[in-house]
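J.: Protein sequences appear in the order of chains A and B. To convert, note that position 58 of the first sequence is 58 in my numbering; the numbers rise steadily by one, no gaps. To convert, note that position 103 of the second sequence is 203 in my numbering; the numbers rise steadily by one, no gaps.
These are computed hints drawn from the structure, not numbers from a lab. Bear in mind the structure is a predicted one, so any value in this text is a computation, not a measurement. It is possible that part of the hints are untrue.
Stated by the list, open to error - A partial selection of chain A residues facing chain B, derived with a Cβ cut-off under 8 Å:
hint: 1; residue: Leu-24
hint: 2; residue: Leu-25
hint: 3; residue: Leu-29
hint: 4; residue: Gln-49
hint: 5; residue: Phe-52
hint: 6; residue: Gly-72
hint: 7; residue: Ala-74
hint: 8; residue: Val-78
hint: 9; residue: Gln-84
hint: 10; residue: Glu-89
Glycine residues also receive a C-beta, built at the ideal position from the N, C-alpha and C atoms.
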Amino acid sequence: MEMTATPTSIFDQISVRIIKEQELLIGPLAWTEAKKVIGLQIIDQQKGQVRFEGDPKEVLSRLVGQYSRLFGRASTEVCRQAVQDLIVEIPKEQVPEVLQ
Amino acid sequence: MPTNGADKQHLQEINEEIYKRNIELAVVNKTLSLLRKLYQISLLALDPATLADKVSDTIRVDLNMEMVGVFYYEENIDTLVPFKFAKSERFAEALTKLNIKLDDLKLTKVTKHPVFQQVVADRAAKQTDALADIWSGVVDEKHLAALAKEGHLQSMFMFPLLTQHGVIGMLVLGLNRTYESLNQFEKDSINSFTDVVAVALDKALVYEKLKIANEQLKALDKARAEFISIASHQLRTPPATIKWYLGAVLAGDFGKLSEELEAALVRTNVTNEAQISTIDDLLNASRIERGKLEFFFEPASIVTMVGALVEQLEPLAQMHKQHIIYRAPTESVPDIMMDSEKIRQVVNNMIDNAIKYSKQGDIEVKLEHDAESVTVKVIDTGKGMDKETQDAIFKKYSRGKDSATHATGLGLGMYVAKVIVEQHNGRIWAESSGVGKGSTFAFSLPIKSEIMATTVDLAQASE
Chain A
1 MEMTATPTSI
11 FDQISVRIIK
21 EQELLIGPLA
31 WTEAKKVIGL
41 QIIDQQKGQV
51 RFEGDPKEVL
61 SRLVGQYSRL
71 FGRASTEVCR
81 QAVQDLIVEI
91 PKEQVPEVLQ
Chain B
101 MPTNGADKQH
111 LQEINEEIYK
121 RNIELAVVNK
131 TLSLLRKLYQ
141 ISLLALDPAT
151 LADKVSDTIR
161 VDLNMEMVGV
171 FYYEENIDTL
181 VPFKFAKSER
191 FAEALTKLNI
201 KLDDLKLTKV
211 TKHPVFQQVV
221 ADRAAKQTDA
231 LADIWSGVVD
241 EKHLAALAKE
251 GHLQSMFMFP
261 LLTQHGVIGM
271 LVLGLNRTYE
281 SLNQFEKDSI
291 NSFTDVVAVA
301 LDKALVYEKL
311 KIANEQLKAL
321 DKARAEFISI
331 ASHQLRTPPA
341 TIKWYLGAVL
351 AGDFGKLSEE
361 LEAALVRTNV
371 TNEAQISTID
381 DLLNASRIER
391 GKLEFFFEPA
401 SIVTMVGALV
411 EQLEPLAQMH
421 KQHIIYRAPT
431 ESVPDIMMDS
441 EKIRQVVNNM
451 IDNAIKYSKQ
461 GDIEVKLEHD
471 AESVTVKVID
481 TGKGMDKETQ
491 DAIFKKYSRG
501 KDSATHATGL
511 GLGMYVAKVI
521 VEQHNGRIWA
531 ESSGVGKGST
541 FAFSLPIKSE
551 IMATTVDLAQ
561 ASE
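Hey, can you work out the whole structure from these sequences and the hints?
T.: Here it is as structure tokens:
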């Protein structure tokens, strides 16, 4: 999928912010779970570098869902709150519903 | 171990509950982590500008803000003066593009301003979504609207920086979102760190004031010392000229003098010498303060020097109906490495004091020596001293109790003497059995001194 208006890096930032926020709560397990998400490739965990394959909006939804399956709705709220300053920078239609 | 559906559900519930507890802990941890960073900054940063710089930058980065600004409040001119603004890259770019320099923009008439008045006078936090609420009047409103758009500013928060002395400043936070969208960590942090910033800034401002006051004091002290030096030199020239002419007249260079005239001129000479001595003390004290008291050490006979001085001061003693008795050792005393003129001043000041503070009785000047040192003692039967005066007598501008009624002087003689003796690696002291029981002033100088025959530039002298 071609991203025109929004640079891919903002989605990178959102996904890394979510993983790091979850890391504060559940430790390294946050990265282990993130690696299971289809379309999200962890390039360098230390540097917080990731790569998206496919629609970033869908990948982000899957990432949030990955944590939600394990820890319930509270984890979705954590993800949502962690990225508030970032999601205001992208068009609403590109923001996954779970993060709105 | 196999688990059934109910067990799985139960484990999931436990998992979620633990997770919820972790959220609370994580919020507290993050808030404490930020506060710890701010405390560390407040401990390490001494000047207000550095402190404001680091504090604003830390808050901006940790809370993902577009801008954090620290102002201090100058109450006497009712103005908020910007210290430092930490900016996101895009906010900084927008400022550059619009040529707005927030760091230079002072906000005046604070207590008359509809928004600042609430922050500074009412000590209330204030929120706005319009930059014009802060910078209207100093920045064009169209520029402000463009800045908000390009700098991604959606809401601004202003907090008073409160200390026990009142409001000392204002903290401004600029976000790309609303307050409602802040998470618990962000809300908790904002409510916690304003006090930390206020205390840190207060400490830094006090440090700055002390630094300035210290520099001003140093400048004043230097100016005073220079003034005294110049004035003393000007003061010394006339009595030095008088001394030269009096010496010539008393030596008979201008013809024989009548007894009466000679006696009058001897008294004039004594007074003149005392004046010169006082000015020399003043000059030396000034040189000590400026670290410019120089010493010219060379081997010299202290026995001869003290003898000549006693002879010179005898007329002064006679004016006070006293005599100076010089008790020099009968055996030979080796020459010692000293600045003769300075040591002469020390002995002069001791004998002069003894004469001034004794209404009657003779002054005894005793010179003793052993293998290690030479000691000069000036013993009088005069006013004496209590213990408190003995301890204070070598301090600058220190004068004996009731000295105003007993003697003239500036209270510099013994201070200068102490510095001179200590520069010779010697020791100086005063003894008295009490008030009315006379005093002994003494100093000793080492015979085998390691001082070389050279000039010492006195950098610092203790008082």
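J.: So, for every hint listed, does it hold in this structure?
T.: Do the hints match the structure? See the list:
The interface hint given for Leu-24(A) holds, since its Cβ lies 5 Å from the closest Cβ of chain B, which is under the 8 Å cut-off. Using the Cβ-Cβ criterion of 8 Å, the hint placing Leu-25(A) at the interface with chain B is satisfied: the shortest such distance is roughly 4 Å. The closest approach between the C-beta of Leu-29(A) and any C-beta of chain B is roughly 11 Å, which is over the 8 Å cut-off, so the hint fails. Annotation: Gln-49(A) was flagged as interfacial toward chain B, and the flag is violated, the nearest CB pair being 19 Å apart, outside 8 Å.
At a threshold of 8 Å, the smallest CB-CB gap from Phe-52(A) to chain B is about 21 Å, leaving the interface hint violated. With its C-beta approaching chain B no nearer than about 4 Å, Gly-72(A) sits inside the 8 Å limit, and its interface hint holds. Proximity of Ala-74(A) to chain B holds as hinted, the smallest CB-CB distance being about 5 Å (cut-off 8 Å). At about 6 Å, the closest approach between the beta carbon of Val-78(A) and any beta carbon in chain B falls short of 8 Å, and the interface hint on this residue holds.
This hint holds: Gln-84(A) has a C-beta 5 Å from the nearest C-beta of chain B, less than the 8 Å allowed. Among the interface hints, the one on Glu-89(A) holds; its C-beta lies about 7 Å from the nearest C-beta in chain B, closer than the 8 Å criterion.
Hint compliance for this structure: hints 3, 4, 5 are broken, all remaining hints hold.
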